[in-house]
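Let chain A serve as the given structure and place chain B on it in line with the hints.
For the protein sequence lines, the chains are A and B, in the order given. Just so you know, we're using our numbering here: the first sequence kicks off at 1 and counts up by one. Just so you know, we're using our numbering here: the second sequence kicks off at 1001 and counts up by one.
Be aware that a few hints might be false.
[What the hints assert, rightly or not] Covered stretches of chain A, going by a simulated chain B footprint (3 or more residues, C-beta under 8 angstroms):
#1 182-191
#2 200-214
[Said to hold, decoys possible] No farther apart than 20 angstroms at their CA atoms in a straight line, the calculated lysine-lysine pairs in the PhoX-like style are these:
#3 52(A) to 14(A)
#4 1027(B) to 1083(B)
#5 10(A) to 71(A)
#6 1041(B) to 165(A)
#7 222(A) to 1006(B)
The set of hints was computed from the structure by calculation and includes no laboratory data. Ideal placement from N, C-alpha and C gives every residue a C-beta, glycine not left out.
Single-letter residue listing:
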Amino acid sequence: MLESIEITKKFIGKTAVDNISMKLEAGHIYALLGPNGSGKTTWMKMVTGLIKPTSGYVMYNGTPIGIPSRKDIAYMATEPYFYDWMTIEGVGKYYQDFFDDFSMDKYHMMLNRMELDRSTKTKTLSSGMMAKLKVAVTMAREAKVYLLDEPLNGIDLIARDDVMKTMIENAREDNMLIISSHLVEELESFVDSAIFIKDARLAGIFNIEELRQSEGLSLADKYREIFGHAGGEY
Amino acid sequence: MQYDSKIPIYLQVVNAIKADIVTGNLKCGEKLPSGRDLAVKYTINPNTSARVYQELEAQGACFTKRGMGTYVTEDTSMIEKFKKEMAQNALDDFLMSISKLGMSKEEAIDLLREHT
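With the rest of the complex left out, here is chain A (with noise of 0.2 angstroms):
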């Protein structure tokens, strides 16, 4: 279980993440969702441990994150972190140095599913082949918690199809998955639970077929709800 502790971020004339407390279980797809610098991106890297809360804290089962939660924690950053010289393969050999629970198998499987050529560099990749390549790397850890940051943006519907497949055939019930988008309705049909994040601040978390049932809300009907202009209709 991932805990989030009234964790706040402020930088230099801006909260970025305004006291966010929520616990998010094992298990479930989550759709982190708010505008563009909503915070959503900041709250990812504290989970991960890349930039320190200014208050607050992380909770992983019961501990607070540190160097033993990386090993289970897995972060996908939205821009791209590769040497432009490395070649797919090469992509692989340096996730597997750095993570012990890096499977060169799943990788390779990965990449054959969604027909990535190993000996193709970096550099030549166009942005749909990137987005592949990102997921498959960060899911081929065996990690329990992956946090994925807009995996889905910028890129033509079949590396789409092909990122989202890859995604759902990684979840587990021993694992989560935390996707975040500003992009809604690609979502719909394979997360379970949402977060809005609306001005740094936790504006709620909502089962998506309870919505759909109890309600006959969509993800995006909620979504423009939350989000939308309090004002007249267009």
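Same frame as chain A, now just chain B:
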């Protein structure tokens, strides 16, 4: 598969699988994919897969062999029943649209006869 995002996903997948059984895309006694494979195939949550199979089983559309997986029902009367149910639903939708146009059932029947 295209979903109506306002209707529970599990129900939509249940109906899609029942339609496959009725049309013969899925055969009597055929083995259905594992929960994970079903999730990947339909781009749904693995928890939703479990719910889909629960619901299909409750409706008698499939059965589980312990440790072996889930199979399409071998009861052909069940499949006939689903076919009738689906035709009934299609008729309901049709009549609903017709009544919105201010037409009676009788007028609709005449239209159907004329329709080629």
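Evaluation of the provided hints:
{"no.": "1", "hint": "182-191", "verdict": "holds (count 5)"}
{"no.": "2", "hint": "200-214", "verdict": "holds (count 3)"}
{"no.": "3", "hint": "52(A) to 14(A)", "verdict": "holds, 15 angstroms"}
{"no.": "4", "hint": "1027(B) to 1083(B)", "verdict": "holds, 14 angstroms"}
{"no.": "5", "hint": "10(A) to 71(A)", "verdict": "violated, 27 angstroms"}
{"no.": "6", "hint": "1041(B) to 165(A)", "verdict": "holds, 8 angstroms"}
{"no.": "7", "hint": "222(A) to 1006(B)", "verdict": "holds, 11 angstroms"}
Of the numbered hints stated above, the single one contradicted by the structure is hint 5.
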